[in-house]
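Chains as they are written, first to last, in full-length UniProt numbering: chain A, 1 to 450; chain B, 1 to 514; chain C, 1 to 122.
Honestly, the hints are just simulated from the structure, not real lab data.
Nothing here was measured: the structure is a model prediction, and the numbers come from that model.
Be a bit skeptical, because a hint or two may be false.
[Unchecked claim] Lysine-lysine pairs mimicking DSSO-like chemistry, simulated, CA-CA at most 30 Å apart:
1. C:K99 / A:K233
2. B:K329 / A:K400
3. A:K286 / B:K505
4. B:K115 / B:K329
5. A:K286 / A:K323
6. A:K17 / B:K478
7. B:K69 / A:K286
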Amino acid sequence: MRYLPLTGDDRSEMLKKIGVSSIDDLFKDVPAADLNPEIDLPRHMSEMAVERALSKMAARNTAAGSVPFFVGAGAYKHHVPATVDHIIQRGEFLTAYTPYQPEIAQGTLQAIFEFQTQVAALTGMDVANASMYDGSTACGEAVLMARRVTRKKKAILCGSLHAHYARVVETMTQYTEDVVVTQQAQPANPQAELDALIDAIDDETSCVVVQNPGVFGHVLDLTPVAEKAHAHKALLIVAVTEVMSLGMIKSPGEMGADIVVGEGQSIGNGLMFGGPYLGLFATNQKYVRQMPGRLCGETVDSNGDRGFVLTLSTREQHIRREKATSNICTNSGLCALAFTVHMSLLGEKGLRQVARVNHKRAQDVKLALSAISGVEVLNSAYFNEITVRLPGNAADIVEKLADKDILAGVPASRLYPGAGMDDLLIIAATETVLEDDIAALATGLKEVLS
Amino acid sequence: MSMNTQGRPTAAVETDGQSTAFESFSGHRGLRLAEPLIFEMDREDTTGVDVEEVGDFDLEIAGLGRDSKIGCPGLPEPDVVRHYTRLSRKNYGIDMGPFPLGSCTMKHNPRLNEKMARLPGFGDIHPLQPISTVQGALELMETLSHWILELTGTPAVALSPKAGAHGELCGVMAIRAALEARGDAREVILCPESAHGTNPATAAFCGYKVKSIPAKDNGRVDIEALKQSLDDTVAAVMVTNPNTCGLFEDEVREIADAVHAAGAFFYCDGANFNAIVGKARPGDLGVDAMHLNLHKTFSTPHGGGGPGSGPVVFSDALKDYVPLPYVVKTADGLTLKEHADDKDPSMGRLVAFHGQMGMYVRALSYMMSHGSDGLKQASEDAVLSANYILASLQDVMTASYEGPCMHEALFDDRFLKDTGVTTLDFAKAMIDEGYHPMTMYFPLVVHGAMLIEPTESESKNNLDQFIRSMRGLVEEAKSGNVARFSGAPYFAPMGRLDETQAARKPVLKYEAAE
Amino acid sequence: MIKYSEDHEWVSVDGDTATIGITDYAQNALGDIVFVELPEVGATFAKGDEVSVVESVKAASEVYAAVSGEVTEINEALEGEPALVNSAPTTDGWFFKVKLSDAGELDDLMGEDAYKSFIEGL
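Chain A with its partners taken away, still in its complex shape:
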């Protein structure tokens, strides 16, 4: 077997040195009846054979890059420069462990320090951690942190928080003291939805969670939410599922957020059928010690040279055990590195430019679809994603367009089944969408509707 370096002779010699006669003497603590069970699985395969078998499975999927592609709702297809994948495949990054030995892990540590700085800047917050599993779990962690900070229990989730994020928050808090109130989504009336949220904030509230842009694509000013929340000593948590929007839209920090969570996949990371992705988590300096997750900080070495280490670890499970701020142990290290490399290529200038292309494409889609009779666009303010009302069942229409090799978007009913949204379709348009793709979408939709 190509991954196992020991030879038969090596094994015999080693057993001799240990002083046993067979390998199973080393497994003598395993109950004899349970040792060496019959395993009904194929035997080892060559590299070529594995590649052939897996390629066959892969070929049964429609790759985003092979068709006109408008699917978003929490994961976005962006162009990731080739440099990014090259860097993260370097063995020194790919095959390193968590940097607990900082003298031989400065590469990882300095990259995390750069990542934390970039995320803090993008979100408009003081500090960011080294990343979490994904945006949804970061959102759940933020709700738990708000309880620790405010010592209050009621969390209010806005209706346009991605349905999966709301479900994850509910799951994560089902056995804690938190009480989660999820508001009704109003895809056609974002301002009414926001007003209802503001009305719901009271002295019992620990936090409000608002997504911007919302899952239906609406961009909103959250300043009034922050004001009301702060007047009631509650925290404003802003969730950002499309970080590319931070290159165009006023940052959550500038709108008064106390915690910002986000899905960082858009920068540096491919779609990967939903994972691995990376959760972003940023907050204000005064809440640092209540943060979950890993943090990297600056220090000096024995020669006085600047270096970086993991720090404030007493918040974490390996030291604090049942009193830790979270049970989280990993970060999304390599995904965060991909984010940082891509962000270092983009810079502020590139980010703003790409964001403009995204917004322009969404405008083009909006124009093209508005011209189709029976199709209504629900958004007036948006970034790269809009929601349209179709004269028919959106899921059926998406299937018919998929048959034409057009992936038109996410039917709202896939996220909100039974909520009366069967005719709504969420459509994303990034810089990877070409004019021809938009034409194909419009033509295809017209054909399906006729």
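We have chain A; now place chains B and C onto it with these hints.
Relative to the frame of chain A, chains B and C by itself:
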């Protein structure tokens, strides 16, 4: 014959021993390159990408434009490649040498796995695409599930947890859901003293109090003490097996029976499953729930701290509570169950999408490459190598428990007594020998722990070289050469770092000097 | 009057107010202190309650109240300079002051000599 007339010396010249005594003009020291932060490279107005010009147009963003400076520099592509390549050279990875970090399983990461995960049919598909366009992805998840169930001898698996600790959360939530479904409110989870920190943290996350159970002198759970703690307030017992001392819990069936007799559930922390893949099946041993770390046992890369992947297997008693979403077979092919209906006892959703697909592909690629025979051989080689190290070092270092061990060998610091060298110093001196240190000060049940896990990826030659280095270091410590240890590492990219300063005055991001 | 607890706190009593900190023995055992989490002024607690957390780089230790009372003042200097606990545990490194609710509890604590022999026996 034409001759090169530019003759030059090709042998080293005497340097009077002052070769390292000067500062270079650049701040670099040969291949030891000093590298600034990207924020110090003064490139605020540049970018390393070419973006299409879209010209002027009116923004439809309700006047909420980002007018203030963001503060992220962009660098030309050559600078970015060079910057991160230089940083990478300050890291140690499995690709560079043995990485005997106990409990973490730093085995070889095959590059075939990387190639497979990047096939467009896996890497470039969206989690919310129509189900009809991702049948191959669901087939991969289904195939991976089949391999996992067969290897663990259990009836159900939840793939979606994002890491080991997340898998623990999933497992303990299922236990609580099952208990609540039978109207049985229990308050306590029992964990051995040697447990990973995530175990008590997870129990607390699910609203349970944690009680510790002691170990016997032979490093295994004290089953008599366990039985005394088991009553109708105990929801579950969390035991790592093989345990964190690298030992198999030989009374595992008795533990399972006692736990079940008390109406509680047996959670097994599967962090060390790599020792017994193909040799024993947790399902046969009475386990109710166990997470797997795909990044340990099944070779998906650690990536400097993640991402991980932590599928959880369940017994019949717990299988109804698995989280959403999961793959379901229908007449038309495979589909995903993404939403709970009223009767569905599922614990709910743990992640935004379907879990770590990229890791599923890598793990399956690893499993198929090994096959049932290779997976068993890998476990045997890992255990053999650890015992070889134990046998080769126990005369000079102090082994904490009698062998045989499983995939890792545990030593403590008794052999360093009166040398003035600590476990930490000893570990840092290993860096100078070109190795990543072993796990130290864990598990907490022995003093100054040193946990060595060679994995199956090392050749005998590598193991022998490692053993020689370790024996040399022990001799050096015992001979009183304290400075070699207390000042270590000497040959690393940096000297020992001041963690106290970092924690007292946390600097968590770059800020330009005033 | 200075009294000591078995959890290595010192209690310096002045009238009905007590100043509380951790002993030199404790700071030495904990190593470099990097953070002290202090209670809020006005908080009340009973003897044995968890009132504070002392953190070194690799450990966090809870401090349990040696006496019952209400917090009247906290040592804000520790926020910027936790190292005071190491350099001057019994003077500038004090934690907080309390208004005693039961002066009788002081009788349960040790005097200086008793504490000295207590730590010698550890």
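Here's how the hints hold up against the structure:
Between K99 of chain C and K233 of chain A the CA atoms are separated by roughly 29 Å; this keeps the pair inside 30 Å, and the hint holds. Restraint check for K329 of chain B and K400 of chain A: the C-alpha separation of about 22 Å stays at or below 30 Å, so the hint holds. This hinted pair checks out: K286 of chain A and K505 of chain B have alpha carbons roughly 13 Å apart, not beyond 30 Å. Pair hint K115 of chain B plus K329 of chain B holds up; C-alpha atoms about 28 Å apart against a cutoff of 30 Å.
With a C-alpha separation of about 20 Å, the suggested pairing of K286 of chain A with K323 of chain A holds against the 30 Å cut-off. For the proposed pair K17 of chain A and K478 of chain B, the alpha carbon gap of about 25 Å is at most 30 Å, so the pair holds. Straight-line distance between C-alpha atoms of K69 of chain B and K286 of chain A comes to about 23 Å, which keeps the hinted pair within the 30 Å bound.
Violation of the numbered hints given earlier is absent; every hint is satisfied by the structure.
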